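Generate the whole structure from the sequences, applying the supplied hints.
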Amino acid sequence: MSIIGIINPGAMGASVGSAANQKGHRTIWASSGLSTESKERASRAELFDCNTVANMVDQSDIIISVCPPHAAEDVATEVINYGFTGIFVDANAIAPERTRRIGQRLQDAGAKFVDGGIIGGPAWSTEANTKLYLSGDHAESIANIFANTPLNAKVISNHIGSASALKMVFAAYTKGTSALLAAILAVAEKEGIRANLETQWGEDFTRRTHQGVIKNTAKAWRFEGEMREIADTFRLAGYPSGFHEAAAEIFALLEGFKKVPAKNLSEVLATMVNSD
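The numbering used here runs 8 ahead of the 1-based position in the sequence shown.
Source of the hints: derived by calculation from the structure; they are not laboratory data.
This structure is a prediction, so every number in the text was calculated from the model and none was measured.
Certain hints may be false.
Here are the simulated distance ranges between beta carbons [stated by the list, open to error]: (1) P248 to T93: 38 to 44 Å; (2) G32 to G220: 33 to 39 Å; (3) F178 to N59: 34 to 40 Å; (4) P269 to E81: 26 to 32 Å; (5) S40 to T134: 30 to 36 Å; (6) G246 to S165: 18 to 24 Å.
Think about it this way: if two alpha-carbon atoms lie no more than 25 Å apart in a straight line, the pair counts; the simulated PhoX-like pairs of lysine-lysine are [what the hints assert, rightly or not]: (7) K31 to K47; (8) K227 to K266; (9) K120 to K31; (10) K139 to K120; (11) K31 to K227.
Don't be surprised by glycine CBs; every beta carbon is placed ideally from N, CA and C.
As structure tokens, this is what we get:
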């Protein structure tokens, strides 16, 4: 049995902890300073509360970081400062070069490092079909933790950065096109030709587009940072980054829906059309 620390369990992180629990591991978290929502998610996942991050680091064999992209380095720094020497899994949606920098810092501090990339929604059940792609020398030991659980873990390489790169290029399309479609609808609305566009699209594509745009408003605040990480990934690979810099700007327009997701498309378009 391993003791696994989950830092700041959001919807995804809590489900990762729950999956580990199903294999008999002890999954812990630190509630100090966190929200009621975090406590409710941790309770649902049956995570054991050790109160402080210092306690969690001291007790954990493995720490899994699943946080918004902007916080990835701060989380790693906090863990380093508390002297962690176990296996640190960075499963954040960040550019592979940033992952490599974080990994090197942890390894220099005496920890082992695994790169992770999660594709799919929270892994509460196998029906979610959530994938955790892993890379690095210690990736297999992490994959074994999640064997036969709702989180489908797969090792793709022993190179740090591979799992992050896969996450980036996959989300470049899935989330990037969501931002593009939201922008297209906003322009069509502003020009007074949205009905004509949707007739050209057809009922099925229009319905799916509306549903996707509305659904993603609740996560736009997080997707903004992810789009900037994807832009960095493209730029550092030698390709234009403008597609996803623009997607980040679109999601930034919608970040006000974080606490209260949009109820309908009209609400989304009103926010976008009136943003200037």
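Now for the hints, and whether the structure bears them out:
{"no.": "1", "hint": "P248 to T93: 38 to 44 Å", "in the structure": "holds, 41 Å"}
{"no.": "2", "hint": "G32 to G220: 33 to 39 Å", "in the structure": "holds, 38 Å"}
{"no.": "3", "hint": "F178 to N59: 34 to 40 Å", "in the structure": "holds, 36 Å"}
{"no.": "4", "hint": "P269 to E81: 26 to 32 Å", "in the structure": "holds, 29 Å"}
{"no.": "5", "hint": "S40 to T134: 30 to 36 Å", "in the structure": "holds, 33 Å"}
{"no.": "6", "hint": "G246 to S165: 18 to 24 Å", "in the structure": "holds, 21 Å"}
{"no.": "7", "hint": "K31 to K47", "in the structure": "holds, 22 Å"}
{"no.": "8", "hint": "K227 to K266", "in the structure": "holds, 6 Å"}
{"no.": "9", "hint": "K120 to K31", "in the structure": "holds, 22 Å"}
{"no.": "10", "hint": "K139 to K120", "in the structure": "holds, 22 Å"}
{"no.": "11", "hint": "K31 to K227", "in the structure": "violated, 30 Å"}
When each numbered hint is compared with the structure, a violation occurs for hint 11 only.
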